[in-house]
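**Student:** Guided by the hints, dock chain B onto chain A, whose structure is given.
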Amino acid sequence: MLLIISLLVENKPGALMRITGLLSARAYNIESLTVARTLDPELSRMTIVVDVDSTLRQQVIKQMNKLVNVLQAVDLTDSPAVRREMVLVRVRTAQETRTAVLKEAEIFGARVVDSSTEGFALEATGDPEKLDEFIDVMRSYGDIETTRSGVVAVSLEAKKLKLQPPVQTVLTDPRPLLPSHDR
Amino acid sequence: MSNLTTGAKMLLECLAREGVDCFFGYPGGVTLPLYDAIYDHHIRHVLVRHEENACFAAEGYARSTGKVGVCCATSGPGATNLVTGLVDAMMDSIPIVALTGQVTSKLIGSDAFQEADTFGITRSCTKHNYLVKKLEDLPQVVHEAFYIAASGRPGPVLVDIPKDVFQAQGHYTPVTSIHLPGYKVFTEGHTGQIRRAAQVMWEAERPFIYAGGGIIAANASAELRELAEILDAPVVTTLMGLGGLPSGHPNFVSMPGMHGSYAANMGMTHCDVLVALGVRFDDRVTGRLAAFAPHAKVIHVDIDPAEIGKNRAADIPIVGDVRRVLGKLNQTLAELRGTGPLAGPSAARQAWWSQIRGWQAEHPLLPVTSDSEIKPQHLMKEIDRLSAGEAIVCSDVGQHQMWAAQLIRFNGPRLWINSGGLGAMGFGLPSAIGAQFARPDKLVFALVGDGGFQMSIPELSTIASYGLPIKIVVMNNGYLGMVRQWQELFYNNRLSSVELDCFPDAEKLAGAYGFKGRTIDKPWELASALEEAVREPGPYLLNVKVSPYENVYPMVPAGGAINEMVLAPPQPVAVPK
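Top line first, the protein sequences correspond to chains A and B. Sequence positions in the first sequence follow this note's numbering and run 124 to 306. Sequence positions in the second sequence follow this note's numbering and run 135 to 711.
None of these hints come from the bench; they were simulated from the model. No experiment lies behind these values; they were computed from the predicted model shown. The beta carbon of each residue, even a glycine, is placed where N, CA and C say it ideally should be. Incorrect hints may have been included.
Partial list, computed: chain A residues near chain B (C-beta under 8 Å) [stated by the list, open to error]:
| # | residue |
| --- | --- |
| 1 | Leu-146 |
| 2 | Ala-148 |
| 3 | Arg-149 |
| 4 | Asn-152 |
| 5 | Leu-286 |
| 6 | Pro-289 |
| 7 | Gln-291 |
With the rest of the complex left out, here is chain A:
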C-alpha cells in the first residue's frame, strides 16, 4: 500500500540519507519524496510516499522515529490531512488548438507560466489523482513533458510534538594513572 509519511527532521548532514537508507534497506520503493525548510531554519519537513506492505506500516513509522535526527514521523495515510502536488507541463500545440488547451487548463485551475509559438508551460496543483487526469488531457493535445513535485501533505490535526529535553553530561575527571591491568 502507499503510505504517506510526514517527518519533521533536523537539518543535519546525512539526515536524508538515514531516512531513505532505512527504506531502501527494507527494499521499499519510494514513490515520491519532498523536503524543504520549515519556519525554524534548523528543521526540515519531509513528505514521503512509499510503497509498504500494509502489515509493516507501524514498523516503518517506529523505525523512522528511532532515528536521532527525526523529531517526529507521522503516518498521514488515513488521518485527516491535505495532500497536494504540483506539476509543470510543457505542451506543444498547433495554432488551432491553443485556445482549447487554455480552456482545459482553466478547468483544472492551471496557470500559464510561459507561452511561446511552440506552446505553453503550465503549472497545476492538486490531488495527485487530479494531476494524473490533467496530464492525460494535455497529452491528447500533443507532445508534453512533465515534472511533478511529489506529494506534500499537512495534517489537519495538531500533533503534539514531544521533544527530549537536554541531559546533563556526567563525566568523570580524567585520572592520570595507569589502568590496574598494567602488569
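**Tutor:** Relative to chain A, chain B alone:
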C-alpha cells in the same frame, strides 16, 4: 585544560572524561596526529592486528563490563574493516564508539589516497554516526556518541574525524549538556500496563518467562531472578541472555530455539502466558512464527518500541527499561501476593511444573561421551567443570557455540560472550582479548572452532604481545561443522567446500608466538590437558580434535515449528538377515 590544544588531545581528553581506560585500534596515515597524542597519554591503546578485531575486542570489553567499548581505525581500508564488527554490535545492541580517521577535509570527495565514504558506508551499521567537520564540534560530538551508544537500546556509534581536525588547535571547554531533541529514550514503562501485566501473570496457569539480551544490557539479572521466584515460573534465556538467570537456579530451564532444549521449546509452545523480557522474537528462537507459542498471551517488555509487535503481536506491550519495569512489576506482584494466595489455581501451576520436569527428564541435554574419541559435548562438560559457572567464555560461531550454550553453566551475566545476531565467525578470539583487558581478574576462555580460529589467527600475536592469559580452546572437527551438518541433513551429505584440512600444528604455532600449545585427540587426555591450560600463567592454545561428524541436537529445521524438533540423529534401520 583551557589552554590551546590540538584536536587529537581534545579527543583523548573527552575519552578520559568518559572513563575510558583502554581502547583497541590500528594506526594509519590520517590518524598519525592521534597516535602521536596517545604516545604520552595515560589511556592505554591496545594494538591489535586487524581492524575488524579491534571492533570485536571493543565488543568483548563492552559485553564483559557493560561499559562503552572503544575502537579506532584509520581512513579507507581501516574504516571498512570495522564494518563487520559494527554490524555485529548493532545486531546484539552492544555499546561501541568507533573512531575513524578521515582524509583532510579539503580532500574529501577527491578519491584521495585511503579515502572511503566512511560516513555513508557505516550509516546502516551504526545506531548513529558523525563526520566532524570543525574542531569546535569535536567534544560535543564525542560525548554525544558515548551518550547515544550507551543509552536506550545500546548500539555502535561511529565518529569520523578528518586529519586536519586532529591537527587543528583550539580551546577545550568541557561539555556540560547534550541536547538531542529527536532522540527518544523510553525507560519507565506505562504504570497501567505494568499493573495489567502483573494481574495476567498472577492469574496464569502456565506462565513462562522468555528472557533475552535486554536483561544483560539493562543489568536486570537480580530483578529477573526476583520475578522468577515471586511467580515461580520457568525461565528460558536466549543465546544472548545466558547468565541472566544463573544456570543453576531451580527455575532455569535452558536456552530455547533452533538448538534449544526440548523442555524449553515445549514450554514455549504450551504456556498460556509468555513473559518476553528484552527479546526480539528472533527467527532462531521462534521457528515458524505462526506456530510459535500459539496458546499464549504475550507480555512484551522492551526498551525499543520498534521491537514491540515487530514479529509477534503483544497482548500487553510495555516500552521501557526492563530493569525498571521489572522493579515495578515485582513490586505489584508482591502486593498481589500479599492479598492472598495464587489467584491462578495452584493445582494447575503444580501440574505445569511437573509437565516441565517431565519434558526435561524425557529429553535432557546430555553430554555425549565416547571411549575412543573426544565428543564435542564432552569438551563442553569439561570446560564447564573447570569454569564452575564463573569463567568468561568467549565463543566463536557454529556448532561449538551451540554446544557451549547448551552445556556450559553461567552463574551470572556478562560471562557468556558471543556473536548472536550476526553470527560473525572470527569473533571469539578478539572478543576474548577485550574481555581479558576489561576483567584481568577473570579466567577467560576463547572457545573457538577450527574455522573461526583461523579467521582471527593474527591476534595470537596480540595475545602474546600483551601476555594475556587467555585459554584458547579450539574445538577442531576439521570441518565448518554447522555448514557440514546442514549439508549432511538437507543436501544429501554432499560435503561441498566445508573440509578444513591443513590445520597448523598447535604446539608449533603457539611456540612460534612464544607460548604453550598442545593438540589432543584422546578422551582420557581431555581433563588433564584443560587443567594444564588453566594452570599455565600465560596464554595457552589447546587444540582439541573432536569427532568430526557429530551434529548439534535438538534441532529445529529452518522454517519448522519449535515443537517439531529433531531430537537425535536418525538411527540406522536394522536390516533383517
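**Student:** All hints are to be evaluated individually against the structure, with a verdict given for each.
**Tutor:** A quick look at each hint next to the structure:
1. For Leu-146 (chain A), the shortest C-beta to C-beta distance to chain B is roughly 11 Å, which exceeds 8 Å, and the interface hint is violated.
2. For Ala-148 (chain A), the interface hint holds, the least distance from its beta-carbon to any beta-carbon of chain B being 6 Å, beneath 8 Å.
3. For the restraint placing Arg-149 (chain A) at the interface with chain B, the shortest Cβ-Cβ distance is roughly 11 Å, beyond the 8 Å limit, so the hint is violated.
4. With a least beta-carbon distance of about 17 Å to chain B, the hint placing Asn-152 (chain A) at the interface is violated under the 8 Å criterion.
5. The closest approach between the C-beta of Leu-286 (chain A) and any C-beta of chain B is roughly 4 Å, which is under the 8 Å cut-off, so the hint is satisfied.
6. A least Cβ separation of about 4 Å between Pro-289 (chain A) and chain B falls short of the 8 Å threshold, and the interface hint therefore holds.
7. A cut of 8 Å between beta carbons decides the hint on Gln-291 (chain A): the least distance to chain B is about 5 Å, and the hint holds.
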